[in-house]
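Protein chains in written order, with numbering that gives the first Met the number 0: chain A, 0 to 263; chain B, 0 to 489.
Source of the hints: derived by calculation from the structure; they are not laboratory data. Note that the coordinates shown come from a computational prediction; the quantities given were computed from them, not determined experimentally. Keep in mind that a hint or two might mislead.
[As the list claims (entries may be wrong)] Calculated from the model, a selection of chain A residues having no Cβ within reach of chain B, i.e. all distances over 12 Å:
hint: 1; residue: Lys103
hint: 2; residue: Asp121
hint: 3; residue: Ile190
[As the list claims (entries may be wrong)] With a cut-off of at most 30 Å between alpha-carbon atoms, the simulated DSSO-like pairs for lysine-lysine come out as follows:
hint: 4; chain 1: A; residue 1: Lys193; chain 2: B; residue 2: Lys316
hint: 5; chain 1: B; residue 1: Lys267; chain 2: A; residue 2: Lys260
hint: 6; chain 1: A; residue 1: Lys238; chain 2: B; residue 2: Lys470
hint: 7; chain 1: A; residue 1: Lys186; chain 2: B; residue 2: Lys342
hint: 8; chain 1: B; residue 1: Lys316; chain 2: A; residue 2: Lys191
hint: 9; chain 1: B; residue 1: Lys489; chain 2: A; residue 2: Lys191
hint: 10; chain 1: B; residue 1: Lys222; chain 2: A; residue 2: Lys193
hint: 11; chain 1: B; residue 1: Lys222; chain 2: B; residue 2: Lys342
hint: 12; chain 1: A; residue 1: Lys46; chain 2: A; residue 2: Lys87
hint: 13; chain 1: B; residue 1: Lys62; chain 2: B; residue 2: Lys470
hint: 14; chain 1: A; residue 1: Lys193; chain 2: B; residue 2: Lys489
hint: 15; chain 1: B; residue 1: Lys267; chain 2: A; residue 2: Lys48
hint: 16; chain 1: B; residue 1: Lys62; chain 2: A; residue 2: Lys193
[Stated by the list, open to error] Using C-beta positions, here's what the derived DEER-type ranges look like:
hint: 17; chain 1: B; residue 1: Glu307; chain 2: A; residue 2: Val252; range: 33 to 43 Å
hint: 18; chain 1: B; residue 1: Asp333; chain 2: A; residue 2: Val227; range: 52 to 62 Å
hint: 19; chain 1: A; residue 1: Leu134; chain 2: B; residue 2: Asn404; range: 24 to 34 Å
hint: 20; chain 1: B; residue 1: Glu357; chain 2: A; residue 2: Val252; range: 37 to 47 Å
hint: 21; chain 1: A; residue 1: Ile250; chain 2: B; residue 2: Gln329; range: 34 to 44 Å
hint: 22; chain 1: A; residue 1: Pro63; chain 2: B; residue 2: Ile309; range: 44 to 54 Å
Even glycine gets a Cβ: it sits at the ideal position worked out from N, Cα and C.
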Amino acid sequence: MNIICLVKFVPDVDNFMYDYDRNVLVRENVKMILNPDDAAALAFALKVKDRHPSTFIEVVSMAPKSIIGQLEDLLRRNVDKATLISDKNYVGSDTYITSKILAKYLKAKSFDCILTGTHALDGDTSHVPAQLGELLSLAQLSNVIKIDESKFDGTQAVVDVDREKVISSYRVGLPAILSVQKESKYKLPHIKFKNLNLNVSANMTIVSNSDLNFDVNEVGIEGSLTKVSRTYPKKMEKKEHIVVNNDDEGIEVVYQFLKSKGYV
Amino acid sequence: MNKKELIEGLLTILSVDQINTNEDDLYDASADRYKKYAKARKVLDVPMPIAIVYPNSAEVVSKLLMFCNEHLINVIARGGKTATEGGLENWKELTIVIDAENLNEIIKIDAYNMQATAQAGVRLQELEDELRKIGYTTGHSPQSKPVAKMGGLVATRSIGQFSTLYGGIEDMVVGLECVFPDGHISRIKNVSRRAGGPDIRHIAIGNEGTLCYITEVTVKIFKYFPENHKFYGYLIKDVDTGIKILREVMVNGYRPSVARTYSEEDAKQHFYHFHKDKCVLIFMAEGNKEIVEATCRGIEHAVEQFKEGILEYVDSKHIESWFNHLNWSQKDIDDEFEGMLEKDYHAGFTTEISADWETIPKIYHSVIERVRNEFARAEDLTMLGGHSSHSYINGTNMYFVYNYNINCDPEDEMRIYHHPLQTIIVEETLKFGGSMCHHHGIGKFRNEWTKEEHGSAYYMLEKLKEAFDPKGIMNFGTIFFQEEGVKYQK
């Protein structure tokens, strides 16, 4: 089975420091991480490959070349091929243009399933998977929290989808696009010690506009028609910090606190 | 010899109930706290011993060692199982663990001559409890006191948290009994002092089970005056100030039982209720009233000398509260084990080194800088700091402490995190002329630096091994580097 995983590297916004005095995010030293939903999707693919070693996994990411190191770390986790779509003309592309660029690359590929995340930590629009479904004429499901591994045979997938109040099961013919959520709990394996410095450069391909041949006016900021009407920072509240002694009085304070929150 | 023949051989020396071949117990005996995370996750990469045996006398230990020596069977000596450096880890297919469980008698408490004799398998806590009943103490209080046993404490050159007053175990041991691989039983008599040639106690003390098996020890005891305890605490400017104050106290001849200085990061995890993100300096004075008063004056005077580095005085009741929660019990160890099944997190890993007063700050700063700049997984570190907790007239120790999130498979943790960190600490320490192991012993994971640690004196260590364990059956890989063991280290 051939699986393509679409992944994105995002700033680790869940672990941003917040400067409560200046009321701003501290952006220094923020690291880029694999988007958690995408990591869950890739983790499921690797689980399949673990059980069926003939499975071929390609990760595809549209990003600057600075993430090559992180893509190489995915290859060291038993991914077969990594493709980085990177071109200076693509910088500033909105979700629709991003989907068009990805679709053009994917149209030329043969695959049984595309796995990706539902949400991205940074933009969080969830546009790309659905737009890709439209552009590639494939069924697409978001909020997938479970894929039945025993029925995932290259012709169909049986999945559980979180619809907020209910969980529904769907059977979908393959190829299709399945957008997984991190709540699926599929966990990306670590790189084995022996593979930490494995040379994987032969399995890395960089695709640029000279391969995809877009008119430069169609892509990047110029080609992107999305207009952002307003942005606002998330409001953060400083939590009260109480220090108690390790004595009866301190224990009582902790007990009453837990009780007020309904934990005891 | 195969496994079956080995068990049959053991049965000629021991009864059936003295031989344990339970799978879970053998798995547990395969490694110590060095690989506790991998052990908890059931991914240990070392062979299991064939059996754990429980002799009940020095004579039986003698027969066991002769048998193992004849048939080239690796022997691991075991006490309370609190080893942290791989000393109890097994690297050989044919291995037996000789556990001191049945050597469990307190033989004599001699208050007039101020000494107590106990077999190797007596828990330190048990001896301490008996002594407290009559107003005495061993003065030895490692964190592992409730669990650790006398034989193991002596075999690893243990140190307690009140060592600045009472000394390390090497200062406490009066005499001992030990058994060598050829079956010879040596008894070193209990005298106050002697000049009868080299001090042969030190062949056994700290041998880590590589030369002989300790079966009995006699230690000094001390009068105990808990009513006189005094505590001091300070928030201070930096580690260097703390080291200077410790030195001032020590070089003027004072011996507080506790004299410690903590970096900001380490203070945060020990003194959450008062640290204020500052370095912490603490003292405790104990002993008879007059000595405590003099020690207190010495501490106060030293602090006054460096008052520009003192940021705040800490209520002494906070230090007393800390003092009352010093030890970890078997339950703490079990809880930690359970926690490691659920969390990808390692808290409280340490590497302890020592050097003279002048050198310790250099090593500290050099290590911290190298770790921050060179350690590949620095971003996974959730804490990096240290404290000095055992001082002497000519120097002190530094206990580097680090916590980290584990972003690798359990079997790779030590290779990816602890060992590279320990390597930096050991390299910097040896470069500056310090000792790479203050009190945990060398175990199996610092053996690659044993030669460098001892320099030209390694000759003496090597000759001891050749003389007492010529066939190399005693704790293969501990202290002495073995090429065959590299696959378990790197």
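Does the claim that lysine 103 of chain A lies off the interface hold, with its Cβ farther than 12 Å from every Cβ of chain B?
-> holds, 35 Å
Assessment of proposed distance window 37 to 47 Å (beta carbons of glutamate 357 of chain B, valine 252 of chain A) = With Cβ atoms ~46 Å apart, the hint holds.
Do aspartate 333 of chain B and valine 227 of chain A keep their Cβ atoms within the hinted range of 52 to 62 Å?
-> holds, 55 Å
Could you grab the alpha-carbon distance between lysine 186 of chain A and lysine 342 of chain B and see if it respects the 30 Å cut-off?
-> The given pair, whose Cα atoms are some 14 Å apart, holds under the 30 Å limit.
Isoleucine 190 of chain A non-interfacial with respect to chain B [C-beta, more than 12 Å] = violated, 7 Å
So the hint says 44 to 54 Å: do the beta-carbon atoms of proline 63 of chain A and isoleucine 309 of chain B match that?
-> Holds: the Cβ-Cβ distance is about 51 Å, inside 44 to 54 Å.
Could you grab the alpha-carbon distance between lysine 222 of chain B and lysine 193 of chain A and see if it respects the 30 Å cut-off?
-> Distance ~56 Å between lysine 222 of chain B and lysine 193 of chain A Cα, so the pair is violated.
Decide if the proposed pair is consistent with the structure: lysine 267 of chain B and lysine 48 of chain A, CA atoms, cutoff 30 Å inclusive.
-> Distance of about 45 Å is beyond 30 Å: violated.
In this structure, is the beta-carbon distance linking glutamate 307 of chain B and valine 252 of chain A contained in 33 to 43 Å?
-> holds, 37 Å
Has the hinted range 24 to 34 Å been met by the Cβ atoms of leucine 134 of chain A and asparagine 404 of chain B?
-> violated, 39 Å
Between lysine 46 of chain A and lysine 87 of chain A, is the straight-line Cα distance small enough, at 30 Å or below?
-> Since the Cα atoms of lysine 46 of chain A and lysine 87 of chain A sit roughly 35 Å apart, the hinted pair is violated (cutoff 30 Å).
Is the gap between the beta carbons of isoleucine 250 of chain A and glutamine 329 of chain B within 34 to 44 Å?
-> Cβ of isoleucine 250 of chain A to Cβ of glutamine 329 of chain B: about 23 Å, so the range 34 to 44 Å is violated.
Hints 3, 4, 6, 8, 10, 11, 12, 15, 16, 19 and 21, counting from the list given before, are not met by this structure.
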